[in-house]
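**Q** These protein sequence lines map, in sequence, to chains Z and C.
One point on numbering: in the working numbering, the residue at position 521 of the first sequence is 521, and numbering is uninterrupted.
One point on numbering: in the working numbering, the residue at position 401 of the second sequence is 401, and numbering is uninterrupted.
Please keep in mind that the hints were generated in silico from the structure rather than gathered at the bench.
A portion of the hints provided could be inaccurate.
Given that identical chains are not distinguished, each listed pair holds provided it fits within a single copy or across any two copies.
Said to hold, decoys possible - In silico PhoX-like links for lysine-lysine, alpha-carbon gap of 25 Å or less:
#1 501 - 537
#2 198 - 217
#3 199 - 217
#4 359 - 198
#5 403 - 359
#6 403 - 217
#7 359 - 199
#8 497 - 62
#9 62 - 508
Here the structure is a predicted model, which means the values were calculated and not measured.
There are 2 protein chains.
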Amino acid sequence: MDEFVSFIPLGGVGDVTKNMYLYEYKDQVLIVDCGLGFADETMLGVDLFLPDISYLLKTNKKIVGMVLTHGHEDHIGGLPFILPQLPNFPIFASPFTSALANEKLKGFNLPNKVNMVGFEEGEKQLGDFSVSFIRVTHSVPDTSHIFIKTPVGNFYHGSDFKFDDTPADGKKSDYEKIKKLADIGIDCLMSDCLGMEKKGRTGSEMQLANNFFEEMKNCRGKFIVTTYSSHVARLNQIIEVSRKLGRKICFVGRSLMKVTDVAKKIGYMKLESGEEVLLEDIKRYRDNQLTFIIAGSQGQEESALSRVTNGEQREINLREEDTVIFSSDPIPGNEVSIYELIDTISERGTRVLYSPVTKNFHVSGHGSEEELQQLISLTKPKKLIPIGGALRHMYLYRGLAEKLGYKRNDVFIIEDGQEVLFRNNQAKLGRSLQAKNVYVDKISGEEIESFVLRDRQKLSQSGVVIVLSEIDSSTGKIIGKLDIIVKGVSLSYDSKKLGAKLFHDLNKILSGRKGRITNWVHIRNIISQVSERRIFKDFHVRPLVLPVVIEM
Amino acid sequence: MDEFVSFIPLGGVGDVTKNMYLYEYKDQVLIVDCGLGFADETMLGVDLFLPDISYLLKTNKKIVGMVLTHGHEDHIGGLPFILPQLPNFPIFASPFTSALANEKLKGFNLPNKVNMVGFEEGEKQLGDFSVSFIRVTHSVPDTSHIFIKTPVGNFYHGSDFKFDDTPADGKKSDYEKIKKLADIGIDCLMSDCLGMEKKGRTGSEMQLANNFFEEMKNCRGKFIVTTYSSHVARLNQIIEVSRKLGRKICFVGRSLMKVTDVAKKIGYMKLESGEEVLLEDIKRYRDNQLTFIIAGSQGQEESALSRVTNGEQREINLREEDTVIFSSDPIPGNEVSIYELIDTISERGTRVLYSPVTKNFHVSGHGSEEELQQLISLTKPKKLIPIGGALRHMYLYRGLAEKLGYKRNDVFIIEDGQEVLFRNNQAKLGRSLQAKNVYVDKISGEEIESFVLRDRQKLSQSGVVIVLSEIDSSTGKIIGKLDIIVKGVSLSYDSKKLGAKLFHDLNKILSGRKGRITNWVHIRNIISQVSERRIFKDFHVRPLVLPVVIEM
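The task is simple: from the sequences and hints, build the whole structure.
**A** Encoded structure:
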């Protein structure tokens, strides 16, 4: 019997974001996660990119299902772009993850919905894969590891986590379940490795509460915190301290309000009536009665915090008595924007606390070396594949495994698109699939998620048209034909004919330009504009056009 | 008697680099430092910028002299660009600083030379200013603070420093001299503030020696260190450890070789014959007999370290047994380039040590809060002006001064171009002079300094022509007339006529373009090309053309 399982990362290895992984058995594909990639400051004008799913589009295999590990954008943010391109299949996720994902999909008129799975539920059968969700701690509620049982072998998909034994929400990682599953035998552990640069253990979320209390007690003005929107445990800690000290909470930023709405709806955030104040009502309170939680901790130019700092948010005026806390760390590449923001806040004379001035108000959601080692000890895998990190983290992870007695070739350091085959207790490299850069249209708005809100109205009126093109970066020419995917647009159209017309329109413009493409935003804008014009001319509707460009 | 001294930073406050400060008394101007600014990754295509000296070009006052505090590029790198635009005046600096500066000026055919001042020498009289050099510790040899005595009051110019009581070269800060000068009375302390984000004291340079020793002892392959080229004390520590462990030293990178040549010439770096190996001779040694010191610790694309990592430096092949150490910290904005470089090194399987994996191989050259406080205690100034930091550092510095009992208005937080007037024991804000962005031509080459080498040949053949223009960024039009400064070009020309011709040539091209200027590199390239063409046409010579553009 020559059966095998193959593991293929379409995104998520070697560059941290845009997580998406395939597990294949016979003619069946199981997908884990469907994330967005974030561009750093050096990628001019490009905000977001997607995993390259061209293999999934071409394969004859059947997608039997998708599971989502947790609700961060780099694990679920690709759903609205990618689901319309794929056939229907069941999707499963933990309560908070599924609530966030479904909120994101609202308005896209897709048949797919993300089904909720409780951690106490048994295995889910997806084709020949049987999957279990294991609760772990991280910086968003209900983060899961996934145990994947197949006829050939068992896999532990251990993406982003830390082992925090005093988590702020009291929900610890389920060590017992990990051990029980490990007893069945684990052929390969796919493990988070982002924290490998730090020795020892990552601090517990609980240690922050007292620091917030002391700082808030001494603050004579507004108490302002910026942090990651989906870090509900952090938000709850700040709410709890504010409650003790008699401050009302005001959320600022649409992404933040969206996440907190979801958290409140499923009971993960408890605010009594009167404890939360809307921005338009804050004038009824003195400054020292208010805590503001404001989106924009990465210094994003359009974020709520930038608007407040630059005086563009009329209702909030930074004063000397106020305190601003960055309850976050810079994502590499964002330093310059963050420090500029801090400089501008300093200029108001406002007290501003951030790393490196203090480490008191943030701990990472990723486990350090000791916790990564602990997961290896718990799962006792035969092979290991570091995921969710850059190359330097992956090589450090291999070093850790070697220290624990693994042989160097027990650890696979692979790139996006590189298949690993598991057969007869052996593992080896398989095919190397295409994993190109797929950029999506620049989305402005205060944070990644807000475009969904902004575009929903348009969507609910006219639906969405995705224009997929492959463009030769050296000539700017379209390669092959365009693919058009229409969802929720009430028009009778011939996809091939529309594709051909758009191809003609676009090539007329693109073939005029000369030299290597350096500004992809501009190219995507052209595609948007030309497509909108053509669609309006032929069908008299104005759907949202999302250009997806594959750079060749 | 209504005499006053005015202090004007032309660069160096609010953005760390391009340090240049004026002290004025009656019709006399004393200049402190003449630095370059470095662009971060977000400034597209712009590498370098200069302090705006338009005030100096217009004023009727007399420049009585210039003093340089230390040999870093952000304090002396502007000399070749700025000196040709100014009349002659005496320049003074410490031994190493003057040696580096004169090396930089070689080939520019300028009448100015930087005069060496020993720290033990008495006051220098420059017009009515009397200046003393005080030895302090920093990350380049012979760093000075400057005590400036005037008929109106005394100033302590305390730029970049730390108080390291066990410096690697044994040359401690001269606390006695500071105290003695403080006894005369100090009206204002201009102080470094970059280290304000860190509590306590910055570690001593000496603590690194043992860490290098342990790591080198265990290294079975090549031992590779990258650090700041001018950090001679660090280089000497690495040389000393290599000597003990029987490794030869090989310097890679032109900027590094230039600095070490200067250091060897004045006896600051001692390498016995046979201890240093040239790149072309390394094949005569085994890997474990070699220590490489390679330029490029900030991940610069064209640097020696990038070339080695990318396999473009034939002679050096990274192997698994090698160790690469980043003996440096990322300058904010360089993180992405540095981490990419580290990823690529990891991919070779090479051991690579960097922050945050370890803090064992670098300490900052800037004092932390306690050392900055110590300078205040030593100098007992009446007023304080933080310099050499971003706004956030300056406001933190004000907080420190307030903690020490100063009143808030004893501390001046000013921007480039903002004058502070000192009169009758009082200080107040004066004029606000223009301090625009002045970009200089993009310079490629492995590090900032290397352009001098590359261009020297051209210079020594044909001299230099500086073309100064003010360009309206919204229209791309030249404002007013061009200024032409010619040095070392053997031709008889009429500066006005040449300026008018160039203006005509350039406007013909620039007026054709539309919209806001976003690519200044392109504009400067146009100015270079057009000027070179015109000069060759009219005079049949090919001098080096340096376009200096003031963005309006």
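**Q** It remains to establish, for every hint, whether it holds in the given structure.
**A** Verification of the hints:
1. 501 - 537: within (12 Å within a copy, 52 Å between copies)
2. 198 - 217: The answer is between: 24 Å across copies meets 25 Å, while 32 Å in one copy does not.
3. 199 - 217: between (33 Å within a copy, 23 Å between copies)
4. 359 - 198: both (15 Å within a copy, 11 Å between copies)
5. 403 - 359: between (30 Å within a copy, 22 Å between copies)
6. 403 - 217: between (47 Å within a copy, 20 Å between copies)
7. 359 - 199: both (16 Å within a copy, 12 Å between copies)
8. 497 - 62: neither (28 Å within a copy, 76 Å between copies)
9. 62 - 508: So residue 62 and residue 508 fail the 25 Å test inside a copy (38 Å) and across (63 Å) alike.
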